[in-house]
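A.B. asks: Top line first, the protein sequences correspond to chains A and B.
FYI, the numbering used here numbers position 173 of the first sequence as 173, with every residue one higher than the one before it.
FYI, the numbering used here numbers position 259 of the second sequence as 259, with every residue one higher than the one before it.
Calculated from the structure, these hints are not laboratory results.
Any given hint could turn out to be false.
[Unchecked claim] Footprint (simulated), chain B over chain A, 3 or more residues, beta carbon under 8 Å:
#1 75–88
#2 112–122
[Claimed, not checked] Calculated lysine to aspartate or glutamate pairs in the EDC-like style (CA-CA distance at most 20 Å, straight line):
#3 A:144 to B:127
#4 A:299 to A:240
#5 A:341 to A:358
#6 A:79 to A:122
#7 A:88 to B:161
#8 A:88 to B:162
#9 A:167 to B:162
#10 A:181 to A:207
#11 A:144 to B:161
#12 A:299 to A:333
[To be verified] Short, incomplete list of chain A residues facing chain B, as computed with Cβ under 10 Å:
#13 157
#14 164
#15 328
Quick reminder that beta carbons are idealized off the backbone N, C-alpha and C, glycines included.
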Amino acid sequence: MPETVFAPWSDPDARPLIRFQNVTKRFGDFTAIHDLTLDIFEREFFALLGPSGCGKTTLMRMLAGFETPTSGRIELAGKDIVPVPPNKRAVNMMFQSYALFPHLSVWDNIAFGLRRDNMAKDAIDRRVDEMLKLTRLGRFARRKPHQISGGQRQRVALARSLAKAPKLLLLDEPLGALDAKLRQDTQFELMDIQEKTGTTFVIVTHDQEEAMTVASRIAVMDQGEVIQIATPDKIYEEPESVYVADFIGDVNLIEGRASAHGEGRFRIDWAEGQQPLIAASRLEFAAGQQCHLAIRPEKIAISAERPSDADNAVQGRVHDIAYLGNLSTYHVELPTGAIVKAQTANTRRISRRDFTWEDPVWLSWTATAGVLLAN
Amino acid sequence: MNRLSWFNTVSLTLGFAFLYIPMIILIVFSFNESKLVTVWAGFSTRWYGELMQNQAFLSAAWVTLKVAVFSSTIATVLGTMAAYVLVRGGRFMGRTLFSGMIYAPLVMPEVITGLSLLLLFIGIGLDRGVLTIVLAHTTFSMCYVSVVVSSRLVTFDRSLEEAALDLGCSPIQAFGLVTLPIIAPAVISGWLLAFTLSLDDLVIASFTSGPSSTTLPIKIFSAVRLGVSPEINALSTIMIGIVTVGVITASLVTKRASIRQRREEQEAARA
Ligand SMILES: Nc1ncnc2c1ncn2[C@@H]1O[C@H](COP(=O)(O)OP(=O)(O)OP(=O)(O)O)[C@@H](O)[C@H]1O
Ligand SMILES: [Mg+2]
Numbered sequence: 001m002p003e004t005v006f007a008p009w010s011d012p013d014a015r016p017l018i019r020f021q022n023v024t025k026r027f028g029d030f031t032a033i034h035d036l037t038l039d040i041f042e043r044e045f046f047a048l049l050g051p052s053g054c055g056k057t058t059l060m061r062m063l064a065g066f067e068t069p070t071s072g073r074i075e076l077a078g079k080d081i082v083p084v085p086p087n088k089r090a091v092n093m094m095f096q097s098y099a100l101f102p103h104l105s106v107w108d109n110i111a112f113g114l115r116r117d118n119m120a121k122d123a124i125d126r127r128v129d130e131m132l133k134l135t136r137l138g139r140f141a142r143r144k145p146h147q148i149s150g151g152q153r154q155r156v157a158l159a160r161s162l163a164k165a166p167k168l169l170l171l172d173e174p175l176g177a178l179d180a181k182l183r184q185d186t187q188f189e190l191m192d193i194q195e196k197t198g199t200t201f202v203i204v205t206h207d208q209e210e211a212m213t214v215a216s217r218i219a220v221m222d223q224g225e226v227i228q229i230a231t232p233d234k235i236y237e238e239p240e241s242v243y244v245a246d247f248i249g250d251v252n253l254i255e256g257r258a259s260a261h262g263e264g265r266f267r268i269d270w271a272e273g274q275q276p277l278i279a280a281s282r283l284e285f286a287a288g289q290q291c292h293l294a295i296r297p298e299k300i301a302i303s304a305e306r307p308s309d310a311d312n313a314v315q316g317r318v319h320d321i322a323y324l325g326n327l328s329t330y331h332v333e334l335p336t337g338a339i340v341k342a343q344t345a346n347t348r349r350i351s352r353r354d355f356t357w358e359d360p361v362w363l364s365w366t367a368t369a370g371v372l373l374a375n
Numbered sequence: 001m002n003r004l005s006w007f008n009t010v011s012l013t014l015g016f017a018f019l020y021i022p023m024i025i026l027i028v029f030s031f032n033e034s035k036l037v038t039v040w041a042g043f044s045t046r047w048y049g050e051l052m053q054n055q056a057f058l059s060a061a062w063v064t065l066k067v068a069v070f071s072s073t074i075a076t077v078l079g080t081m082a083a084y085v086l087v088r089g090g091r092f093m094g095r096t097l098f099s100g101m102i103y104a105p106l107v108m109p110e111v112i113t114g115l116s117l118l119l120l121f122i123g124i125g126l127d128r129g130v131l132t133i134v135l136a137h138t139t140f141s142m143c144y145v146s147v148v149v150s151s152r153l154v155t156f157d158r159s160l161e162e163a164a165l166d167l168g169c170s171p172i173q174a175f176g177l178v179t180l181p182i183i184a185p186a187v188i189s190g191w192l193l194a195f196t197l198s199l200d201d202l203v204i205a206s207f208t209s210g211p212s213s214t215t216l217p218i219k220i221f222s223a224v225r226l227g228v229s230p231e232i233n234a235l236s237t238i239m240i241g242i243v244t245v246g247v248i249t250a251s252l253v254t255k256r257a258s259i260r261q262r263r264e265e266q267e268a269a270r271a
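Excised from the complex, chain A in its bound form:
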C-alpha cells in the first residue's frame, strides 16, 4: 500500500473545514472557553483531550449549535455558522448519553434524520439498511432502545448520527460505557467508518490511549484553553509544556537549571553532588534558567553495571516493581530521594527477572531521549 501522508495542517494553502477564531464562551461570569483559535481540516479525526470541566463538551455544543459563543467566530467551510440554528447545520452529534428516542424502534431512530429531509421512502430504506449493516445491528432493527444492550445502544447512536452523511460528526465520549475489549473493537470500527465515509470526526475522550489510537491530531485543553495541538506522536514525543508532558502518558520530570553545553545541547544541574544531565533541545535556554527534563519511562534503560557509553547515568535502588503483564515498571529511588520510573518489556518469564526489590541499579538514557521544557 503506497503511504500518502495526510497532513493538511502543515499545508499553508489548505482551507480548514472548521475554524474557531478567538472564541470565548462565558456562562454568567464563568469563562468556559477562553479566546480559543483552532482549525480542523476535512477528513480529520480530531480528538479533544483534557481534564473534566475544561470545556470540551462546550466546544462541541458550540459546533452543533446548542450554545452561542459570547464572542468570536466559528466557520464551517468558510461560512460563519454562529447564527445558523442546529437543525440547519450539516453537523451531527453523537451524544454522551446517546439520547436515543425511547418511543421509536432502532430502525426508526436511524431513519429519524432522513425523514426530516423529505427523502424518498425507498431511499430511506436503503440508507437505514446500509447503516444497520455497517454497525452490525440488523438483528435488532425492530427493538426499542430499552430492549438492547449498552454497547448496542451506542452503535445505534452512532448509526443515527452517521445516517445523514454529515460533513462533520461530533462524538462526545462515545465509548465511555464500553468494556475494554469492545472499546478497542469499536475504536477500530470508528476509524474504519471514518475512512469509508470520508466524514470529518471530532471526538471528545477522557482516555488518552483512545485519542492516540484514533486521532489524526490531538488538542490538549486546560481550563478553556488549548495548550497544544499536534499529531499523537508529536504530543507524546515532543510536548511543548510540562502540562502536556504530564497529562499524556507516564513521565519522569526532573527539575534543574540549564546551561549551554555545545551545539544544541544543554547541561542540567539537578541536584547537589550529582553529575549533571545532558539533553539535546532545539529551544534556547539562558544560562541558569529553570527547566524541566521530561523523560518517558520506556526510554530509560535499567542495568546492573554503569553503561560506559551513556550520555546520562544515575544510580539508585529498586523501590517498587509494577508488573503489567507485557511490561514492568521499576520505581527506582535516587540518593536524592526522588523516584524515577523505568519501563522494560517482559521478554522473559517473570521468574527470570534480572532485578528485584532493593537491588542497586543504574538508570541510563541518551541526550535525545528526553525533552527539555521551560517552566
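The hints should help you fit chain B with the ligands onto chain A, whose structure is shown.
C.D. replies: Relative to the frame of chain A, chain B with the ligands by itself:
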C-alpha cells in the same frame, strides 16, 4: 401470605367502612321500590326507568359532558404549553413571577374564582351559558394540568430534544415528534384530571352558568334541596359506575403496558 394482626384488620375495616359505607347505602337505596329514601320496600329498577324519562336531568348531563370535554381539552393544550415554557423557556423576565402565578388558582377559594369570573363575564357583556362555563373550567383546571405536565418535564432528558434538533427538526417538530409522545402519559392524566374536575364542579359552575345551561351537579344540588329523591340515588349510582369502570380500565391499561414492557425486556436479555 401473612395474616394481618387484629389491629391492622380493625383499622383496615374501619377505614374502608368510612370511605365506602355512604356510597354503598346510596347504591342500595337507588334500587329501592319505595319513594321514601329511608324505608326499604323491595328491589326495583323503577327509578332508573324514570330517570331516563327526565328531560331536565338528561339535558343537564349533556351540558356537563360537553363542558367537561371542551374545557379539559383546551386546558390540556394551554396547561401543557405553559408547563413547557416555564420548564424549558430558560430564564426570561418575570419567570419566577409567572411560575408562582400559574399555581395561584390551586389555592384560591373557588367562591372567589367563580365570583371574579362572573364579574368578568358581566363586564365584557358575555351571556352566561355553555361557553362561559367552558371558559371558567378551563381557567381553573389549566393550572392542574400544568402542574402534572411540568413535573414530568422536569425529569425529561433535555438531550433528546437536542438530538431531534440536531437531526434536522424545527423546534416545533421536535416537540411534536419527540417530546409530546414521551410525555403523553402525563398529558393524558392531566386531561383526565381536568375532565373529572369539570365533571364535579359545583361552585364555579353555579356562578357562571345561565338558565339554559345547568350542569348535572347544579341540578342534583338544587333537586336535593327539595328533598332527596330515589331518582338522584339512581343518577349517582350511574356516575359511580362510570367512574369505577374508567378507573379500572385505566389501571388495567397501564398494568398491561408494564407487563408487556417487562416481557420484551426479558426477551431482549435472552437474545
Ligand atoms: N450551562 C452551563 N452553565 C454554567 N456553567 C456551565 C454550563 N455548561 C458548562 N458549564 C461549565 O463550563 C465548564 C466546562 O464544561 P464542559 O461540559 O465543557 O466540560 P468538559 O470538558 O466536557 O468536562 P467533562 O470531561 O467532565 O465532560 C465546566 O466548569 C462547567 O461547569
Ligand atoms: Mg463533557
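A.B. asks: Broken hints, numbered, in rising order?
C.D. replies: 3, 6 and 15
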